[in-house]
Amino acid sequence: MENNVIIRVEGLEKSFGDNKVLKGITTEIRKGEVVVILGPSGCGKSTFLRCMNMLETPTGGKVFLDSTELTDPNCNLDRTRERMAMVFQHFNLFPHLTVLKNLTIGPEKLKKVPSTEAEKRAKEMLSKMGLGDKCNHYPGELSGGQKQRVAIARALMMDPEIILFDEPTSALDPEMVGEVLELMKNLAKEGMTMACVTHEMGFAKEVATRVIFLDNGVIAEDGTPEEVFNNPKNPRLRDFLSKIL
Amino acid sequence: MKKRNKKLIEYLFLLFIVLIVVAVFVAHREKPVAASFLKGPEDISRARIGVQLGTTSDLIATDEEKNGATVVRFSKTADAIQAMMKDQLDCVLVDSMTAGAFADANPGISIMESNYPVEEMAIAISKDNPILKDKINRALALMREDGTYQSIRDNYFGDDKGSDPYIPQDVDRSNGTLVAVTNATFEPYEYIENGKIVGFDVDIAQAICDHMGYELEMNDIEFDAIITAVQSGKADIGIAGMTVTEDRLKNIDFSDIYAREGGLSILVRNGKSAGGMNFKAKLVQNFLEESRWSFLLNGLATTIIIAIIASVLGIVLGSLIAFGRTTADMTGEYKIMNAILKCYLTIIRGTPAVIQLLIIYYVIFASSNVNKVLIAGIAFGLNSAAYVAEIMRSGIMSIDKGQFEAGRSLGFSYGKTLWYFILPQAIRNVLPALGNEFIVLIKETSISGYIGIMDLTRAGDFIRSRTYEAFIPLIAVALIYLVIVIFLSKGVSLMEEKLKTSSR
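Going down the list, the sequences are from chains A and B. Quick note on the working numbering: the first sequence kicks off at 1 and runs consecutively. Quick note on the working numbering: the second sequence kicks off at 1001 and runs consecutively.
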């Protein structure tokens, strides 16, 4: 736990067949950091994020959670994944379970939390997010923004050390983006460690403590939002920012 | 206008149904059929002959086939007689002793005198069991000496038929159980009366057991399956008025001759109508007489038991296969297991269920003493599993990959993700297909009769063989299946409805 590093990535590589997507990425994410990962489409942002919890198996390099090497074939990934939650672009709520059950099934089945206790906590969390009346609804009855907030609540229920966000607002109608970003902002304020792939530059500028610009499978720029947005050194980053801003 | 059209279509549909029902009834009404053309036994070489498959009649008729006769082989003589009464055959060849019983039961049948050679009957015993053969021969000899044999004979063939039925002796039966197979369609040798297999052969077998100190267990199976059953060890003896022939001796051994009978008889149509029985009387005859309805009831219970065993096995095994296959497909590992499973699916789906049932009964469970109903349940379960597996696999494949990732990202293992998230959704998606599979399964159990199980279909067949009435038992059996299937469909759609509302 030196320097409070939660995730360390060393020379991470990932290929799909002949297509080399990640070409050696080395970085660390420390406790309390909010890291936003930017980059042109197809640059490997999502793949990078998904390699962190081994939803994609890297083809080279190492990934550590604390001192545990995730890329070690003998690593119990089910245990490490409990400590690093993920929020998906398409929410991936379980449509056959109620909102409440979506939240409680993880703690109940994996951490053996008694169901009354899990339900109590889930209800508290949902009311804090303004979703208290949706407990017994099914995901199909919610709006996109509500679904994504439930998905974030589901992630929080596992008490993760870090949450990985994979384009959490990309599938939302514009008027629903705000409510999700607001929630993420609050999480950041509370000190939650986050790694987030997003196109929301406003969020990156305001909330991120660090911005990583990925290009062509490598980290092209890595710095504070001020450095990256106000004084971009990399020409590709300048090009990218001029198109987006 | 539109509404009126709808009504019109409904009325036309109703009319159509009524017309079909009327047509069936009209077609079914007894029509007098002219007498067979046969003037004497020599005409048989030009006739269409009906026989029971594998019997001596079959052998004789096969010889006539070379002279120009047409032979149609049935699994029951009663079916042959029904075909003859519908003018699909000219005569039916049976052994003389049972001929009398058929002629008595149906006034439209006459016995034509013939002079086929005398039949010598013996008990079929496995070639691997010379000790049993010795014991039986000794028992037969003893029975002739002490008069038991003669008194059994007199009870069936003497002038005072039925006056002195054989009663099992009160003896020590600690030597074991003798499993006997017969085909209870040859009155008076072996037939079913009030639900029990009775007849001359049965009493002989009982008397042999009494002499040897054995318990007797009689089983009723198809005639052409008797030799296989004895040969494979499913049964110790076959006793069904069997004559010793060269062909049969190749496969099994025979005891000493225990009866000689007056050869074969030719049954012909005499042109008389079967008598003006009205529909109500036929209903009484088919269902109430000798409490025949109880066969349908017991048969129904057996069918349901088989179907339940089979569907439970099918679901469990099918799901496991589906898990195995999808895991292999998703991870690209477990190649050998995947190949074996694929092979299983190909074999099961590529061969007829009847053959699978027979192989499982006669080959796999050949020398074991497992209950037949259980064996049928296993056979149909193994069969159904192949179809369930593919249905489940398509269901699992239909679930969005994101569901899988969501489960895994929370820390659920592969198996738990399947169990908690993928399977419940997959089942909901494939429920109609699964329901359909069980509807097919219920109906498929109707082939259980091939291994001698008295299921619903066989119960109907049995009534048919006793009353010579095809229409009523068949329609009754069909209706019972229909009702089961309607209830099952209703249940499936209720479940679908319930699952739908729970996720809306």
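Hint data in this document are derived by calculation from the structure and do not stem from the laboratory. Hints should not be assumed to be uniformly reliable.
Simulated pairs of lysine-lysine, DSS-like, Cα-Cα distance not exceeding 27 Å [what the hints assert, rightly or not]: (1) Lys31(A) x Lys243(A); (2) Lys109(A) x Lys1127(B); (3) Lys1076(B) x Lys1342(B); (4) Lys1443(B) x Lys109(A); (5) Lys111(A) x Lys1282(B); (6) Lys1416(B) x Lys123(A); (7) Lys189(A) x Lys128(A); (8) Lys1500(B) x Lys123(A); (9) Lys120(A) x Lys62(A); (10) Lys1076(B) x Lys1066(B); (11) Lys1280(B) x Lys101(A); (12) Lys1076(B) x Lys1401(B); (13) Lys101(A) x Lys1282(B); (14) Lys62(A) x Lys1076(B); (15) Lys101(A) x Lys1076(B); (16) Lys1372(B) x Lys1443(B); (17) Lys1196(B) x Lys1282(B); (18) Lys111(A) x Lys1401(B); (19) Lys123(A) x Lys109(A); (20) Lys1500(B) x Lys109(A); (21) Lys1401(B) x Lys109(A); (22) Lys123(A) x Lys1076(B); (23) Lys205(A) x Lys185(A).
Being a predicted model, the structure only gives us computed values, none of them experimental.
Quick rundown of the hints versus the structure:
no., hint, in the structure
1, Lys31(A) x Lys243(A), "32 Å, violated"
2, Lys109(A) x Lys1127(B), "62 Å, violated"
3, Lys1076(B) x Lys1342(B), "40 Å, violated"
4, Lys1443(B) x Lys109(A), "41 Å, violated"
5, Lys111(A) x Lys1282(B), "70 Å, violated"
6, Lys1416(B) x Lys123(A), "25 Å, holds"
7, Lys189(A) x Lys128(A), "15 Å, holds"
8, Lys1500(B) x Lys123(A), "25 Å, holds"
9, Lys120(A) x Lys62(A), "39 Å, violated"
10, Lys1076(B) x Lys1066(B), "23 Å, holds"
11, Lys1280(B) x Lys101(A), "61 Å, violated"
12, Lys1076(B) x Lys1401(B), "57 Å, violated"
13, Lys101(A) x Lys1282(B), "61 Å, violated"
14, Lys62(A) x Lys1076(B), "76 Å, violated"
15, Lys101(A) x Lys1076(B), "61 Å, violated"
16, Lys1372(B) x Lys1443(B), "18 Å, holds"
17, Lys1196(B) x Lys1282(B), "23 Å, holds"
18, Lys111(A) x Lys1401(B), "25 Å, holds"
19, Lys123(A) x Lys109(A), "18 Å, holds"
20, Lys1500(B) x Lys109(A), "25 Å, holds"
21, Lys1401(B) x Lys109(A), "21 Å, holds"
22, Lys123(A) x Lys1076(B), "71 Å, violated"
23, Lys205(A) x Lys185(A), "12 Å, holds"
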